[in-house]
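A.B. asks: All chains should be modelled from the sequences, with the hints used to inform the complete structure.
Protein chains in written order, with the working numbering: chain A, 1 to 207; chain B, 1 to 116.
If you are wondering where the hints come from, they were derived from the structure by calculation, not from laboratory data.
Source: prediction; values computed, not measured.
Check the hints yourself; a few may be wrong.
[To be verified] For lysine to aspartate or glutamate, the following EDC-like pairs were computed, each having C-alpha atoms within a straight-line distance of at most 16 Å:
hint	chain 1	residue 1	chain 2	residue 2
1	B	LYS103	B	ASP65
2	B	LYS105	B	ASP65
3	B	LYS36	A	ASP19
4	A	LYS198	B	ASP65
5	B	LYS110	B	GLU88
6	B	LYS5	A	ASP185
7	A	LYS109	A	GLU82
[To be verified] To give an idea of the interface, some chain B residues facing chain A are shown, with a C-beta separation under 8 Å as derived from the structure:
hint	residue
8	ILE4
9	HIS11
10	THR54
[Claimed, not checked] Chain A regions said to be covered by chain B (calculated; three or more residues, Cβ under 8 Å):
hint	region
11	14 to 22
12	177 to 191
For glycine and all other residues, C-beta sits at the position ideal for the given N, C-alpha and C.
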Amino acid sequence: MSIGILGRKLGMTRIYNSDGTAVPCTVVAAGPCPVIQVKNAETDGYNALQLGFDQLREKLTSKPQAGHCAKADKGVYRHLREFRVDSVDEYEVGQELTVDVFTPGDKVKVTGTSKGKGFQGVMKRWNFRGMPASHGHEKIHRSPGSVGNATFPGKVFKGKKMPGQMGNKRVTVIGLDIIDVRPEDNLLIIRGAIPGPKNGVVMIRKQ
Amino acid sequence: MDVIKQLEREHMRMDMPQFKPGDTVKVHLRIIEGEKERIQVFQGAVMRIHKGTTNSTFTVRKISDGIGVERVFPFHTPFIERVEVVSEGKVRRSRLYYLRGLKGKAAKIKQKNVWS
Numbered sequence: 001m002s003i004g005i006l007g008r009k010l011g012m013t014r015i016y017n018s019d020g021t022a023v024p025c026t027v028v029a030a031g032p033c034p035v036i037q038v039k040n041a042e043t044d045g046y047n048a049l050q051l052g053f054d055q056l057r058e059k060l061t062s063k064p065q066a067g068h069c070a071k072a073d074k075g076v077y078r079h080l081r082e083f084r085v086d087s088v089d090e091y092e093v094g095q096e097l098t099v100d101v102f103t104p105g106d107k108v109k110v111t112g113t114s115k116g117k118g119f120q121g122v123m124k125r126w127n128f129r130g131m132p133a134s135h136g137h138e139k140i141h142r143s144p145g146s147v148g149n150a151t152f153p154g155k156v157f158k159g160k161k162m163p164g165q166m167g168n169k170r171v172t173v174i175g176l177d178i179i180d181v182r183p184e185d186n187l188l189i190i191r192g193a194i195p196g197p198k199n200g201v202v203m204i205r206k207q
Numbered sequence: 001m002d003v004i005k006q007l008e009r010e011h012m013r014m015d016m017p018q019f020k021p022g023d024t025v026k027v028h029l030r031i032i033e034g035e036k037e038r039i040q041v042f043q044g045a046v047m048r049i050h051k052g053t054t055n056s057t058f059t060v061r062k063i064s065d066g067i068g069v070e071r072v073f074p075f076h077t078p079f080i081e082r083v084e085v086v087s088e089g090k091v092r093r094s095r096l097y098y099l100r101g102l103k104g105k106a107a108k109i110k111q112k113n114v115w116s
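C.D. replies: Here it is in structure tokens:
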């Protein structure tokens, strides 16, 4: 329930703190994000801001997109995301949000799409231990083993950890620190790792 | 990527002297014990330089009371007060891991002739 901003992950590096310790950090090019739409409790049932990120060339925009972004009059944007807020009174359509909404030391949560790993077995996907390499084990070294009991319960429980698609899904990391904010370059420096590949779009929200 | 390189440059130390594997260096290290701060000197041969931007490190090996001691220093850490190059060594490789298997006189690195 708090304001945030959209950004693009640029990559990770390591910098030195004022006390000399090395800090792993992620650099995000965030904003400026215009408010495309303001949703309020009376008309929409909840309070939220719809922010745009990554402006599109006119040639690439469709008419519905252009129509949707017309009220804000700030161009058409490739990525639109909603940020739930407690109150929308201080925001209006067309207002631009920049990295200034954050200050160094803020706790944030970052949401993005994780790197896709494809269809993976249980050892990689769920950290199962697999089967021994020898002692009579044949062709089952990476298999999950038993997935349930016999006549009772007579089924495999829902949610059993099995092989399947890993990654390429929405992931939120909470409790990350903002190390530095650079309004002149629209940069945020966040301590630690955030989901997704380089150039992936992420939502950064205050906690 | 350029943005990250720029950012890293701000955190890099440009005051470090040039040294190569095989050189003997004195690393003056700031040690903070509670409130007090003192300088500790670690002298030995540079065994390896791991290149990088803010990630780069160098390893110094010395023989302390007959036991080989290796220490890895981050190149750009503010904990290093300064690095002094004592002498230049004459070596033919960039990673001097072979020093680990040698003792006494064999582990000595030949000094480079410096013509004045």
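A.B. asks: Straight-line Cα separation of LYS110(B) and GLU88(B) no greater than 16 Å?
C.D. replies: holds (9 Å)
A.B. asks: With a cut-off of 8 Å between beta carbons, are at least three residues of the region 14 to 22 of chain A near chain B?
C.D. replies: holds (count 5)
A.B. asks: Please work out if LYS105(B) and ASP65(B) have their alpha carbons no farther apart than 16 Å.
C.D. replies: holds (15 Å)
A.B. asks: Within a Cα-Cα threshold of 16 Å, do LYS109(A) and GLU82(A) meet the stated pairing?
C.D. replies: Holds, because 15 Å separates the two Cα atoms, which is no more than 16 Å.
A.B. asks: Just to be careful: measuring from the Cβ of ILE4(B) to every Cβ in chain A, is the smallest value less than 8 Å?
C.D. replies: This interface hint holds because 5 Å falls under the 8 Å limit.
A.B. asks: Starting from LYS5(B), check that the Cα of ASP185(A) is at most 16 Å away, please.
C.D. replies: Holds, at about 14 Å.
A.B. asks: For LYS103(B) and ASP65(B), compute the direct alpha-carbon distance and say whether it is at most 16 Å.
C.D. replies: holds (12 Å)
A.B. asks: Using 8 Å as the Cβ threshold, decide whether HIS11(B) counts as touching chain A.
C.D. replies: holds (4 Å)
A.B. asks: For the hint on THR54(B), does the least C-beta distance to chain A fall short of 8 Å?
C.D. replies: At about 5 Å, which falls below the 8 Å cut-off, the nearest Cβ of chain A leaves the hint on THR54(B) intact, so it holds.
A.B. asks: Taking 16 Å as the top limit, are the C-alpha atoms of LYS198(A) and ASP65(B) close enough?
C.D. replies: violated (49 Å)
A.B. asks: Check whether three or more residues of the region 177 to 191 of chain A sit with their beta carbon closer than 8 Å to a beta carbon of chain B.
C.D. replies: holds (count 3)
A.B. asks: For a C-alpha distance cap of 16 Å, please report whether LYS36(B) and ASP19(A) respect it.
C.D. replies: holds (14 Å)
Hint compliance for this structure: hint 4 alone is broken.
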